[in-house]
Amino acid sequence: MYPNTSQLILTYLQAGVYPGVSYAFIKKEKTEQATFGYAQLEPQRLLTTSTLFDMASLTKVIATNSLILQLIESGHLKIDRPLQSYLPQFRDPIVTIRHLLTHTSAINPQIHNRNQLDQAALTRAILSLSSDRDIGQKVAYTDTGTILLGFLLEEIYAEPLHQLFQERVLEPLQMTQSTFAPTSSDVAATEQDPIRGLICGQVHDPKAFTLGEHCGSAGLFSTIEDCLIFAKMMLAGGQTAKGESFLQDATVDSLFADWTPTGTLRRSLGWDLKETIDDHRPLLFHTGYTGTFMLLDRETQEAFIFLSNRVHPVDQRGDYLKKRDHILEVYLEEKAQSSSNLL
Numbered sequence: 001m002y003p004n005t006s007q008l009i010l011t012y013l014q015a016g017v018y019p020g021v022s023y024a025f026i027k028k029e030k031t032e033q034a035t036f037g038y039a040q041l042e043p044q045r046l047l048t049t050s051t052l053f054d055m056a057s058l059t060k061v062i063a064t065n066s067l068i069l070q071l072i073e074s075g076h077l078k079i080d081r082p083l084q085s086y087l088p089q090f091r092d093p094i095v096t097i098r099h100l101l102t103h104t105s106a107i108n109p110q111i112h113n114r115n116q117l118d119q120a121a122l123t124r125a126i127l128s129l130s131s132d133r134d135i136g137q138k139v140a141y142t143d144t145g146t147i148l149l150g151f152l153l154e155e156i157y158a159e160p161l162h163q164l165f166q167e168r169v170l171e172p173l174q175m176t177q178s179t180f181a182p183t184s185s186d187v188a189a190t191e192q193d194p195i196r197g198l199i200c201g202q203v204h205d206p207k208a209f210t211l212g213e214h215c216g217s218a219g220l221f222s223t224i225e226d227c228l229i230f231a232k233m234m235l236a237g238g239q240t241a242k243g244e245s246f247l248q249d250a251t252v253d254s255l256f257a258d259w260t261p262t263g264t265l266r267r268s269l270g271w272d273l274k275e276t277i278d279d280h281r282p283l284l285f286h287t288g289y290t291g292t293f294m295l296l297d298r299e300t301q302e303a304f305i306f307l308s309n310r311v312h313p314v315d316q317r318g319d320y321l322k323k324r325d326h327i328l329e330v331y332l333e334e335k336a337q338s339s340s341n342l343l
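Position 23 of the sequence shown, counting from 1, maps to 23 under this note's numbering, and the rest follow consecutively.
Accuracy of the hints is not assured; some may be wrong.
[Stated by the list, open to error] Derived Cβ-Cβ restraints for the label pairs, each shown as a range:
| no. | residue 1 | residue 2 | range |
| --- | --- | --- | --- |
| 1 | His76 | Gln316 | 40 to 46 Å |
| 2 | Leu198 | Arg133 | 42 to 48 Å |
| 3 | Glu299 | Arg81 | 48 to 54 Å |
If you're looking for bench data, these hints aren't it; they were derived computationally from the structure.
Backbone N, C-alpha and C fix where the C-beta goes; we use that ideal spot for every residue, glycine too.
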């Protein structure tokens, strides 16, 4: 379907950029997927199409963002109201839902001795953070905003976040392989950590590890097949495979636009924005620290999903980011060429 992109993914696998990779393309009614490499290097375990990957920040858009969008649709949340009006425990009276969704809150996420705090102390510390004078003026991507949105969901529904995600996201979408508490042995390993040892079947992100079932920024484990289910729902305007409405069509359409306060900072609600090479249309995009990303083009009914365990056994982020961006560049070029051939 996209041979140059597929070859480049395989080339980087063979070069050791990531031990294993599972990726998929959607193009209208057609789907193509492939899985190569290892879920773990020592002892060696091969990846399968059922291997669970630590989705890292793809948790944000698949789970947390989806429920926030549903609440906006129903009128239970107003996008420009302060978070504090819904979550009184939060210190800052100015930060709005829009600021958090677009990463324009200007909240300084630094917390002293963060990784030494227990769940209760870390929760208090996050609720005590505040914005600065740059609020609304620039994008600074952090986990903090989505963690706060997760706290908001727990406040509204009075349920632990991961239970909410199971009941209101994974079950309605029939993402039956996905979980926040893997029991399968078929899980892609992540980093060899000096304190935690080899991380496998537990969330890699330290904040999510501490916050446990109360974290909305990371923690989801999913497969390439379940990610395809989510992507197809988005391309179908929020409609599930059973024909039920998970999100409204107008909501999904509205995401393909800049929602930042200035309207110029190239972030949507929860999602980053890329653009097509040929006609510069906005595309929905999001990454995960562990080596995952998803790219969606509703107009042409195309998607690119990439899952890897690139932090295993050692995190070499700088090199990976260059390679990831190259993969995206080649894909967008092939996508544009494919579109021009149809004209």
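His76 versus Gln316 beta-carbon gap, inside 40 to 46 Å or not = Roughly 43 Å apart at Cβ, these two residues keep to the hinted range, so it holds.
Beta-carbon spacing of Glu299 to Arg81 - inside the hinted bounds 48 to 54 Å or not = violated (31 Å)
Taking 42 to 48 Å as the hint, is the beta-carbon distance of Leu198 and Arg133 inside that range?
-> About 44 Å separates the Cβ atoms of Leu198 and Arg133, which means 42 to 48 Å holds.
Violated hints amount to a single one, hint 3; each of the other numbered hints is respected by the structure.
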